[in-house]
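*Asks:* Spelled out from the first residue to the last, the chains are:
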Amino acid sequence: MPLTLDARDQALLDGTAGPAAALAMRVVVRTAESMEAEHLLDITGAHIDSCLYHGQAGLDFAQRLADDGAQVSVPTTLNVSSLDLLHPELYRGDDHTRDQARALMNAYQAMGCEPTWTCAPYQMDARPPLGEHVAWAESNAIVFANAVLGARTHRYGDFLDIAAAITGRAPAAGLHLDAARHATIVFDVSAVPAKLLDLDVAYPVIGHHLGKLVGSAVPVIVGAPAGLSEDRLKAIGSAGASSGSLAMFHVVGSTPEAPDLETACGGRVPTDRHMITADDLRTARDQLTTSTNAKLGAISLGTPHYSVPEFARLIELLGDRRIHPDVHGYVNTGRSVAHELDLRGWSTRLADAGVQLVTDTCTYITPVMADIQGTAMTDSAKWAYYAPGNLGLDVAFGSVEDCVESAVRGEVIRDEGVWADA
Amino acid sequence: MPKATRTLIAGEAHGEILELDEPLSFWGGFESETGTIIDQAHPQVGQSLVGKIVMMTVGRGSSSASSVLAEAIRDGTAPAALILQESDEIIVLGAIVADEIYQTVMPILLVDDVTYRDVASLTAAQITADGQIDPR
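If you're matching them up, the sequences are chains W and B in order.
Counting in our numbering, the first sequence runs without a single skipped number right up to 422 at its last residue.
Counting in our numbering, the second sequence runs without a single skipped number right up to 136 at its last residue.
If you're looking for bench data, these hints aren't it; they were derived computationally from the structure.
It is possible that part of the hints are untrue.
Among the chain B residues that face chain W by a calculated CB cut under 8 Å, a handful are [as the list claims (entries may be wrong)]: (1) Asp21; (2) Gly29; (3) Ser32; (4) Gly59; (5) Arg60; (6) Ser62; (7) Ser63; (8) Ala65; (9) Ile90; (10) Leu93; (11) Ala98.
Which chain W residues stay away from chain B? Per the calculated CB distances, all over 10 Å, these [what the hints assert, rightly or not]: (12) Ala57; (13) Gly58; (14) Glu114; (15) Leu213.
Keep in mind it's a predicted model, so treat the numbers as computed, not measured.
Every residue gets a Cβ at the ideal spot worked out from N, C-alpha and C, and that includes glycine.
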C-alpha cells in the first residue's frame, strides 16, 4: 500500500501553511515513503539533534526553515550543540566554526524549540509516557525513549526531527508500531557473576557487546537483577547505539514492555539466543581501551549527560580529595541537572576538587578539552568508542571508581578483580 | 542484470564499487572534508569514499550521520551512490535534504543478499534511475 496522506497533510504539502511547512512535510513524506509507511501519525513532542553543527548543509537547511517562518507545533527540546554557553571560555576551536554553530543554535531557537541543550532530555521533568508517539533524534535518546520510557520513536536522523516538530507528524512505521518493538534475540546474562552484575561498570560493557551482536535488531536481556536503575539502562542503550544501531531493547523485570520474556517477544519464538559470559564482557571491555599507558592526562565523565544520582556517586567517591594537578577532569551534564548541583552545593565541591563542569555540549564533539598529555579515562562506553577518532586521544575505559582513583593519583588504575569469573 | 529491490533515493550514478567490510557511521567514522573513513576501529580506515558506489549491509550509529552525509554531498566528497541491504532512515535523510536544498541527488538502493554479492564482485557499475545496476 502506498502512503496515503490526510487532508491536513496534503494541505501542508501544497504550501497552504507556507514554504517552510511544505519543505518540512516533503521531508516527512519522503522519509515515510522510504520506510514504506501507509500513513502518518500525530506526535506529542520532538527532540532535535540537528542543532549540533556539522557543516554548512545543516545550517542552510535550518536557516531556510527559520527564514521562511517555520514554528514547531509540539513541545520540542534541543540536543547538545557545539558550544557551552555557560562556560564559553572552554571553547578552543576557530572563530568561524563558533559563529556558524551559534547561528545554527539561533535558528532552532527562532523556530520555537526550548534551549535545553542536552542529549538526556529524559532527565528533565516532562517526559513522554508509555505508548506516546514522539520524534526523537540522538541515538542514546531514541533508545532510552523506546526502551526505558516505552514512548515510541523510530531511529530518526537529523532533519526528520525538526520536520516532524514543525508538521506534528511522523511516519506510521518502524518502532512506532507494535510489531517492530518485539524482541527477536535473547541475550542471557545469567552466567555472568552476580557480583559483576551488581556493579555499574558492567552495563556500558554489556551494551557495547549487545550493539556489536544485534546490529539494528531488538534484543531482550534476561538474567539481570530486577529493577535496573535508569542510569544502568541509559548505559546499555547509549553503548549499544554506538557499537551498533540499537534503538530498542528490553530487560525482563526492568523495562516497561518486558514484564516477562514472552511479552517482550510478542508471543513469538526468538530467532537467536546468546549466552553471555564474563569472558565475553572482558573482551568487550578491552575493545573500549586503546592504550595501557599508565600516565593519565584527563578523565571525562557524563556521556550521555550525567544524572543527579551519578553526580551523587562522584561526590561520594571524591570525598574531600582533589584530582592530581597534571590531570584535567571534565563532567558533561545538562542545564537542569547543573541547576540541581548548584542547589545542593555540589558545583562548588566539584570546582574545589579540580573538576570542570561542561554543559550544553560534550567533550567528544567539540574542542573544549585542554591539551591532554597522557591517556584519557572514562566510564562511558560511548565516549570510549568515539573519542579516539574524534579527538585523537588514547582512551582507557574503567568504572567511575577507577576514574576517580586514577584522577587523584595521576595514573591509570583499574580494579581487575571485579571482572573475574567468580 | 542486478536490480534494486527498492530505490530509497532514485537517481543516476556511476563509479568504482567499494564494499565495506563493516557498517560505517558517517558521523564519527567519516570525515566530510576529505571523504575518508576515520573510524580507527574500522578495517578500511583511511579509505576514500569520494565518487564511489559504496556498499554496506546496514547503517550504524549516530543520528548526526544525516548531517554529515548532507554536508559531504554539498561538498562533493560523498559517495556516488550507496547500496544497502536494509533501509536506514538516518542515511536516507541526509540524501533527502541534500536533494531538497541543493538539488544534488545521491542514489540509495536496497538490494537482496544475492544481488549484493553479485554487485560486490564488480569493479565498477552504472546505476539508472529505475534502480538497475549495470557493470561498467
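*Asks:* Work down the list of hints and note, for each, if the structure agrees.
*Replies:* Okay, the hints, checked on the actual structure:
Among the interface hints, the one on Asp21(B) is violated; its C-beta lies about 14 Å from the nearest C-beta in chain W, farther than the 8 Å criterion. Using the Cβ-Cβ criterion of 8 Å, the hint placing Gly29(B) at the interface with chain W is satisfied: the shortest such distance is roughly 7 Å. Below 8 Å, beta-carbon pairs count as interface contacts, and Ser32(B) has one with chain W at about 6 Å; its hint therefore holds. Of the supplied interface hints, the one on Gly59(B) holds, with its beta-carbon coming within about 6 Å of a beta-carbon of chain W, less than 8 Å.
Restraint check, Arg60(B) versus chain W: the minimum CB separation of about 5 Å is within 8 Å; hint holds. Contact between Ser62(B) and chain W, as hinted, is supported at the beta carbon level, the nearest pair being about 5 Å apart and thus within 8 Å. Here the hint on Ser63(B) is kept, as its CB sits about 4 Å from the closest CB of chain W, short of 8 Å. The closest approach between the C-beta of Ala65(B) and any C-beta of chain W is roughly 6 Å, which is under the 8 Å cut-off, so the hint is satisfied.
Interface hint status for Ile90(B): upheld, as the beta-carbon distance to the closest one in chain W is roughly 3 Å, under 8 Å. Checking Leu93(B) against chain W by beta carbon gives a least distance of about 4 Å; that is within 8 Å, so the hint holds. Annotation: interface hint on Ala98(B) holds; nearest CB of chain W at approximately 7 Å, less than 8 Å. At the 10 Å boundary, the C-beta of Ala57(W) falls inside the reach of chain B, the nearest C-beta of that chain being 4 Å off.
The claim that Gly58(W) is not at the interface with chain B is violated, since a C-beta of that chain comes within 10 Å of its own (minimum 4 Å). At the 10 Å boundary, the C-beta of Glu114(W) stays outside the reach of chain B, the nearest C-beta of that chain being 18 Å off. In this structure Leu213(W) is separated from chain B by more than 10 Å, as the shortest Cβ-Cβ distance comes to about 13 Å.
In this structure, the earlier hints numbered 1, 12, 13 are contradicted, and the remaining ones agree with it.
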